[in-house]
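Student: Each chain, letter by letter, is given below.
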Amino acid sequence: MMESCNCIEPQWPADELLMKYQYISDFFIALAYFSIPLELIYFVKKSAVFPYRWVLVQFGAFIVLCGATHLINLWTFTTHSRTVAIVMTAAKVLTAVVSCATALMLVHIIPDLLSVKTREVFLKNKAAELDREMGLIRTQEETGRHVRMLTHEIRSTLDRHTILKTTLVELGRTLALEECALWMPTRTGLELQLSYTLRQQNPVGHSVPIHLPVINQVFSSNRAVKISPNCPVARLRPLAGKHMPGEVVAVRVPLLHLSNFQINDWPELSTKRYALMVLMLPSDSARQWHVHELELVEVVADQVAVALSHAAILEESMRARDLLMEQNVALDLARREAETAIRARNDFLAVMNHEMRTPMHAIIALSSLLQETELTPEQRLMVETILKSSNLLATLINDVLDLSRLEDGSLQLDIGTFNLHSVFKEVLNLIKPVASVKKLLVTLTLAQDLPVYAVGDEKRLMQTILNVVGNAVKFSKEGSISITAFVAKSESLRDSRAQDFFLVPSDNHFYLRVQVKDTGSGISPQDIPKLFTKFSQTQSQATTNSGGSGLGLAICKRFVNLMEGHIWLESEGLGKGCIATFIVKLGIPEQSNESKLPFVPKVPANHGQTNFLGLKVLVMDDNGVSRTVTKGLLMHLGCDVTSVSSSEECLRAVSHEHQVVFVDVCAPGIDGYELAVGIREKFSKRHEKPLIVALAGNTDKVTKENCMRVGINGVILKPVSVDKMRSILSELLEHRVLYEAI
Amino acid sequence: MEVGQMQSRLADYTKSLFMEGILDAQFLQLQQLQDESNPDFVVEVVSLFFDDSEKLLNDIARALDQQCVDFKKIDAHVHQLKGSSSSVGAQRVKNACVAFRNFCEEQNAEESRRCLQQVKQEYYLVKNKLETLFTLEQQIVAAGGSVPMIELSF
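Chains G and D, in that order, give the protein sequences.
Here the first sequence is numbered in the numbering used here, starting from 1116 and rising by one per residue.
Here the second sequence is numbered in the numbering used here, starting from 4 and rising by one per residue.
Worth double-checking, as some hints may not be accurate.
When the alpha-carbon atoms are kept at most 25 Å apart in a straight line, the in silico DSS-like pairs for lysine-lysine are as follows [said to hold, decoys possible]:
| # | chain 1 | residue 1 | chain 2 | residue 2 |
| --- | --- | --- | --- | --- |
| 1 | G | Lys1554 | D | Lys18 |
| 2 | D | Lys123 | D | Lys58 |
| 3 | D | Lys58 | G | Lys1592 |
Because the hints were derived from the structure by calculation, they are not lab data.
The model shown is predicted, which means the values in this text are computed figures rather than measured ones.
Using the sequences and the hints given, assemble the complete structure.
Tutor: Written out as structure tokens, the structure is:
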């Protein structure tokens, strides 16, 4: 028998060829199957990232088992033992299990794998996009950098040409332009003239009319506008290439004027003046204007406008400064010339002053002397005329010299403290002779609150008063002149004609108001305004030979103005007299000043000893009134007065304390001389004897002799004035005798 | 009326008295003697003068009316009156007295009586004027002003 072997017979009898082929295929399959996992392992090991190792193992196992199955299949072609069959079955079973597991696993894995793929695609796209954007940003940043640099270049200079040239150069460089040109409007504003180009060195005065449509289009918007390369503004170079010229862009550049800048507003683009900037890309480059490039161009155009306006402002101010400097120089020159002229004039005046006055003095002095000599009536008349004329001339010279000094303001007041009351007295004394000759009564009234001392220019004040009073005397043939002086308060001005003159009260100044009223020939109202002008005399004045150059009032007015005052005249008409008033500002001296000056009581004119304070005197007068007056007088002088009305009383009252005894010697009932004798006999000691003064009605020789005989020390004529009493007393006390003619 | 106007009226009035010769410079002397220690000096003296003069004039009139005219006494009175009037500055009164005295020396009663009339006339005139003057001064003082000091020159 065939032994029963555990061999397995194949199902059908082996076909030799087919078997062979199967045998070989299985072998290669197994080979491939075994090599695949090896390859996988190898490559996975190589790659760092592979998340599915477990899958790989599974798949490896599946492949290996499949390979094993096919390998084992090689033994089943022929008769094989049962062991092989069992191994084969085991392998197949295992393979089936693993492959099912793998299949199941793949269901999970493959979608994941696919999604990985899509994400990868997505990320790649994103990366590409970011790259693009980066590129854009970089471009923009570069543009910004270019603009900043351009601006910096443009604004770093204030020179117009430099600005424009720099603009074109920088723009050309930044944007890699073929050509860049600037068209400026002409003066007329009707044409655009080619002013600057980048490449061409000397632009010929190529101009186009301004009202082309393309230009209007550009001017009407503040954006950069693409224009055709064939339009007149863009056709700058001869068409070199046969190819396409590059794209052209034009932008307007506003030309701001100084007047566009309002103080509080931004500049209004109300100006119609624009320049045109034309930019051309290189031809044949197929380049196109990008948006960021256009923006750059617009920004640059604005900056250029600002830079140009700054340059314009600078030009203006430079011009103005130059002008001012010129004017300054001219003014300086003029001033120096004027000063020279004034100096020359002053020198001339000074010289002429001296030269003119010297002969005048000689003439006047010698004529006066001549007057004193023996002359025939005709000669006397001639000499008098000479004297009068030369006096007139001397006055004229003085007036003219004074006035010319006053005119150019070189006259300054000599300020000092002076006795105001005595100024008026002085004027009175000076005017007395003339007034008495003309039989004019002159009265002077000083207000009680008028300060005795004042600070000001004494000489010129006196000159003014004298002038005014002199005029009053001159123009009055008869009547009276009254001078009043008082302190002006603001109310007192209301009723006068000086309405436009304001008093500024202050603590150390006061306003002196002097009014001179005369009953003379008066002034007609139409002449009043002319009075203070130089050299003018009214008709009536000129006809009467009144003398005077007509300068007096003009000088007065100047003096009064210097003293911050006002002078005016009022008259009701011809023949109705005239009132001259002036107000001047005088200072009030400080208290300390007054103590330095000698004590002057209300009545001025102090001679010698003025203080009789406490001097004990005795007055004997039987006439009550004159006794009271004499007593009051002596008390006013500060004496200690006892008065008696009879000789007996006198002898009773007199004591050694009395230094002076006043005795009335003209009273009929009393013998003053006996009284005097009696008084002297009363005091034996010499030093006790009082001084005896006789008050007499006349001072003829007889009286004087009688007085001297009885030992009377002095004689005074009644009535006595205060001044006289004072001087008598001081004389008496000094010399102990007084017998001068009174 | 305003103080300033009153003052100028006083000044004008005073001026007129001097211009007419009613007062002379002696009156101004009196005014000068008036000060804070002696504020009413002028009024006092003038009042004294008025009283004195009235008395004297009466005495003179009585003396002239006598049967036997005592010219010596009259002369003494007139002398007194002359002294008083010259002390206050009543110029015309004084001048009248001087004329009177001449006639007294001549012992001319008729002329003396005429002179007396003259003197009386002048006296009353000056009295009137001075009283008006003082009233004006009082008005000024009452209105708060001050009496201005007057100076003259002839």
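Student: Which of the numbered hints are not met once you compare them with the structure shown?
Tutor: Result: hint 3 breaks, nothing else.
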